[in-house]
Amino acid sequence: MTQTLSTLGSDAPDASALSEAQLLDVYRTMRSIRAFEDRVHEEFATGEIPGFVHLYAGEEASATGVCAHLDQDRDTIASTHRGHGHCIAKGVDIKPMMAEIFGKTTGSCRGKGGSMHIADLSKGMLGANGIVGGGPPLICGTALAAKIKGDGGVGVAFFGDGASNQGTTMEALNLASVWDLPAFFVAENNGYGEAAASTWSVSADNIADRAAGFGMPGVIVDGFDFFAVYEAAGEAIRRAREGGGPSLLEVKFTRYYGHFEGDQQTYRGKDEVRNARENLDCIKRFRQGVTESGRLTDAQLDEVDAQVAQLIEEAVTEAKAAPVPGPKDLLTDVYVKY
Amino acid sequence: MTQTLSTLGSDAPDASALSEAQLLDVYRTMRSIRAFEDRVHEEFATGEIPGFVHLYAGEEASATGVCAHLDQDRDTIASTHRGHGHCIAKGVDIKPMMAEIFGKTTGSCRGKGGSMHIADLSKGMLGANGIVGGGPPLICGTALAAKIKGDGGVGVAFFGDGASNQGTTMEALNLASVWDLPAFFVAENNGYGEAAASTWSVSADNIADRAAGFGMPGVIVDGFDFFAVYEAAGEAIRRAREGGGPSLLEVKFTRYYGHFEGDQQTYRGKDEVRNARENLDCIKRFRQGVTESGRLTDAQLDEVDAQVAQLIEEAVTEAKAAPVPGPKDLLTDVYVKY
Amino acid sequence: MATRKISYREAINEALTQEMERDSSVIIMGEDVAGGAGGQGEDDAWGGVLGVTKGLYGKFPGRVLDTPITESGYIGAAVGAATRGLRPVAELMFIDFAGVCLDQIMNQAAKFRYMFGGKAVTPVTIRAMYGGGLRAAAQHSQALYPLFTHLPGLKVVVPSSPYEVKGLLAQSIRDDDPVIFFEHKAMYDVTGEVPQESYTIPFGEANVVREGDDVTVVAIGRMVSVAEEAAKELEGSGISIEIIDPRTLSPLDLDTILESVENTGRLVVVDEASPRCNIATDISAQVVSEAFGDLKAPVKMVSPPHVPVPFAGSLEDLYIPSAQDIVNAVKTVTEWSK
Amino acid sequence: MATRKISYREAINEALTQEMERDSSVIIMGEDVAGGAGGQGEDDAWGGVLGVTKGLYGKFPGRVLDTPITESGYIGAAVGAATRGLRPVAELMFIDFAGVCLDQIMNQAAKFRYMFGGKAVTPVTIRAMYGGGLRAAAQHSQALYPLFTHLPGLKVVVPSSPYEVKGLLAQSIRDDDPVIFFEHKAMYDVTGEVPQESYTIPFGEANVVREGDDVTVVAIGRMVSVAEEAAKELEGSGISIEIIDPRTLSPLDLDTILESVENTGRLVVVDEASPRCNIATDISAQVVSEAFGDLKAPVKMVSPPHVPVPFAGSLEDLYIPSAQDIVNAVKTVTEWSK
Ligand SMILES: Cc1ncc(C[n+]2csc(CCOP(=O)(O)OP(=O)(O)O)c2C)c(N)n1
Ligand SMILES: Cc1ncc(C[n+]2csc(CCOP(=O)(O)OP(=O)(O)O)c2C)c(N)n1
Ligand SMILES: [Mg+2]
Ligand SMILES: [Mg+2]
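Chains as they are written, first to last, in the working numbering: chain A, 1 to 338; chain B, 1001 to 1338; chain C, 2001 to 2338; chain D, 3001 to 3338.
Do not take every clue at face value.
To be verified - DSSO-like cross-link-like pairs, simulated, lysine-lysine; straight-line CA separation at most 27 Å:
1) D:3054 x D:3005
2) C:2338 x C:2296
3) C:2054 x A:149
4) A:149 x C:2119
5) B:1328 x C:2331
6) B:1320 x B:1123
7) D:3054 x C:2331
8) B:1284 x B:1252
What the hints assert, rightly or not - Label-pair ranges, simulated between beta-carbon atoms:
9) C:2061 x A:122: 28 to 34 Å
10) B:1121 x C:2176: 20 to 26 Å
11) B:1328 x C:2233: 22 to 28 Å
As the list claims (entries may be wrong) - Computed footprint of chain A on chain D; a stretch qualifies when at least three of its residues, placed anywhere within it, have a C-beta under 8 Å from a C-beta of chain A:
12) 3032-3038
13) 3041-3051
14) 3058-3069
15) 3129-3142
16) 3163-3173
17) 3313-3319
If you are wondering where the hints come from, they were derived from the structure by calculation, not from laboratory data.
If you're wondering where the values come from, they're calculated on a predicted model, not measured in any experiment.
The C-beta atom is built at its ideal place from N, Cα and C for all residues, glycine as well.
With the hints as extra help, turn the sequences into a complete structure.
This is the structure:
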């Protein structure tokens, strides 16, 4: 049942119908993620950011192409340890995100969660997750809630190639199918789970090949191509909303940084990242596509770049200046009532 | 990659080559399981057997057809809560089994395990298991041990249709494939996990359809047909022994009794069991096959029946007469040394 | 409120029914809780494995959901659904099965609120059977509530009678925090006076089951009735014990225990859980830390030995704390002198 | 034995190396312990996530196995392999991940011997990181050894220094029972004197780290060094504490603690685990039960508050028990009077 995009036919949402404003939004999202991650990379290197940090640079087209179809109210996503991109694409505010990574009271989670646990339920973002495979079962629940409420909402679980081998993920695929849930599973295959290659850890040729065993469509897209992700995701989400049940999308690409900040990456081929950055990059490709086709101008895009750069600069400055949590914060927020 | 038996080709072990003695062994095993289970059913009804008991009657061809290819020394099986058949087929002694079910010191586990935990490591039987999906990961380990020792041993995990949806089972399938283990996964699809139909709980048409997603062959056989199971299992086990990696076999049939003793089974279709008992039964079919082809005589088979009946009778009598464990048994056997 | 005698099982069913009637966001899920899906026989054939949810499926269409055998999947789904406005009651058949789904309880449900800076509410209730007495052996007889009491973010409820189970379950469902609700599998047929109308019993308020002057006996769950037996036996010796049922282990009403100890000067804690790091040690340590000056004798703990639960009835009866064990402990502390 | 200064990390690596040299049945498995499989870059790039197993892959071909992200799968495989003659050392990266594989530890490895009537031997060692201090937040900072100490059938080891970690790991690997081995993630760079030669430290023999007369302080794992700091601070006040490192929590050497308390009459237990049902409560309760008459003051427990581990450094530092907390507790018990 695994399909490549071309076989999807006329049902697919039409990326060429995106308006100028929508295209600018898409670009702003991808650029924001990239700028956010590049800056966190720098700040981490100076020792100012505590804890474990996993960067999403290179994978922007996935979060952006999927979340472009989602509402903040009725649609929920569950993310991974590599969650900044999903947060930004789902509309979580960037300044509190940055403050959270620095462990400040102004953070999305008041400094209690950090990079691995940024969440914003009010935006339908059910959290980054420190547990590989933690998210997919949760999404069966948010999809079930949407189905029972009948609000047309969809649940989307992002997970990595490594996570695709976790039992929790596979259970969620089966459960979503058995319960016929409005759920969408996005396998972000960036080639590695930590230092282990996905070609080794996934016993099928493609993660999407597992979809058939769970009675759902499985589609593979080029994750460097925003429009490909956008169309494939749109199709799956539309189907889910209309009661057509869950699907699995495998998005293939490469991550630009190490598994986590500090990773020397000697397990990778020498030119892997350089090649991707130079020849495949999703932002370059998007930019080239929309300018060559005359849908957007370089000036418009440059203006977005400048706005994003300024926002990130402010986010970092404000995050650094913000207060750290104090003794009384230690004991709050455990229970609603105890 | 799912195959039906006919497509396996000439590699399959040839059931027609089974000798008279071997055929009698097979029959003795199936008959022993049936007689054991029928008797446990009766004894349970009188209230003499404590705890939860799950009977294997109707499924004899699976345990027998698979274990016919296994050695006691180098090959290990992991079983399920419905484990009596696997035990008997792997050569665990019947009298200690019966005593175990009655909770006596003469039991296989000295009365500490009961029906759900009968084991005999000396026979390569790593235990019935009270946890659905508990066995498959263990078998990756026994197969790994065989691989590392290089003794040609194989690990076999039996599990039910319900267990096929458990993450632990699916993880084991992937791991066995990634590690290229001499492992064999036998999905015993008896139509139900407790009261839930497998057609509902398994999101694919067949459990074997999942094999492709784990890069291994998946084969379906008629579980009422000993010879079909024997040939399919033989092929998979031979391949595993020769370093050809793991496979998945789906054995389809029906269980004759309730999920556990006491189950009223109102969730089942009215004639389901009667039909299977009358028209599909593996023992009847085996008997008919071997007598019609002249490979065995009714007299030979009747003699086995009589011997089995006597063995079971003795087993029950001795089990009932055996002593229960006493106070000092409570604290032993927790650690090798503490 | 007018009461009538019903069983513990009926009391649970009644609480579920009444909560589902008053709040349409309450849903139920679990293995065969809706009777077993997809079969050819009757609807609502089972009501969970021991019949507790029987009848709910017909009363609340679409809100009583069978699940495949996929504890990580559906416990996770219950948690996810709880973050999106539902109040799921998930049945984890035996608490022993927490081994295959602990992450969704320990790292997801329990931690969301804190990790997310107080911005999540996860009103999920997980009902599970615990305890010994049914000859269910090592994997189906554990108490395990100490594991959950250890984990911040969870509430742990262990009701001791039909009256308690109804009121505490209603409170659990209305409660805004994740609750693990322990039902003793040997108590379903115990009957007691229970009001027909809906009522709740608040968390963190211990119940003084019996007043007495000489020794405070804190007992958990089914041990409350065993302590009551012991109280009767002790009447002959002229020793009067005060029995306290904490009802909820997290939160724990230490004050009521301390008040009693202030009066009696002696404490025995009776806990069916394995002896290391259990509730008996927890309460003992807390009382000693807070009220050492009140104590006239050592605090004694009555718990099983540090061994798995044995199958044979002769052993299991020795394993489970008995009235005689309590009597002995009470005598030890009353007779104690330096 | 001649010693030299090496790190905790190096001491672990050395123990693994020496045990693998002396016994060919010792194998190692875990995520990226062999460096990361299948990539285009260097072999042995990682040595587990924090470099502990680095170099072993090259030294022991075929005996150091990377795994996919499949904790139920490979922990189960380690357990299964242990029943078939290997001595697997499985790395569970963070003990927090026990949530996705607890069953194989709790219901399989821990219970085989008892359930099978003493006829199984399961010499598996599970190494895992625990503890706070690295700003790793709620899902990567737990101590959790109380959960495993609660479970009969397991041994629980928490080494407190480079010397201890080497000798205790060697013993764990040679031990015939399942061992959960806790390495504090903030200690890998701590250095200390360690013999080059192989040696073992027996289980169940506490170490009196420092002698003293006024208060017995039992401290676990990294808390031993924090207690040593406290001891120095207390010297000024003229209070001398005796510090005991239990080394193994199961089995627990209660006798050494009781002897010390007999002398000091006062006890403080320092435990980095969450406060309910933890080791501090366990040891307190056992000492009170056995040695109430020796106590001159309440037993005090120094543990974190009942909240998840916070991310922000300002909070985490408050969360983890400090030398000052120990000093305060020691003063409370020395100054205590009715
Ligand atoms: C249950 C669990 N196992 C292991 C880890 C450690 N870990 C964190 S991220 C990671 C790799 C995940 O790989 P993948 O799913 O491909 O996501 P990616 O990092 O490539 O985005 C691992 C092994 C974890 N956090 N949780
Ligand atoms: C982890 C776990 N979940 C649930 C159960 C309860 N349970 C015992 S047997 C069973 C049904 C198993 O179905 P299947 O795998 O098809 O095996 P069958 O009983 O049909 O042989 C269930 C749900 C269990 N023992 N363990
Ligand atoms: Mg990846
Ligand atoms: Mg079945």
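Cross-check of the supplied hints:
no. : hint                        : in the structure
1   : D:3054 x D:3005             : holds (19 Å)
2   : C:2338 x C:2296             : holds (10 Å)
3   : C:2054 x A:149              : holds (24 Å)
4   : A:149 x C:2119              : holds (22 Å)
5   : B:1328 x C:2331             : holds (24 Å)
6   : B:1320 x B:1123             : holds (25 Å)
7   : D:3054 x C:2331             : violated (58 Å)
8   : B:1284 x B:1252             : holds (17 Å)
9   : C:2061 x A:122: 28 to 34 Å  : holds (32 Å)
10  : B:1121 x C:2176: 20 to 26 Å : violated (49 Å)
11  : B:1328 x C:2233: 22 to 28 Å : holds (26 Å)
12  : 3032-3038                   : holds (count 5)
13  : 3041-3051                   : holds (count 5)
14  : 3058-3069                   : holds (count 3)
15  : 3129-3142                   : holds (count 7)
16  : 3163-3173                   : violated (count 0)
17  : 3313-3319                   : holds (count 5)
Violation of the numbered hints given earlier is confined to hints 7, 10, 16; the remaining hints are satisfied by the structure.
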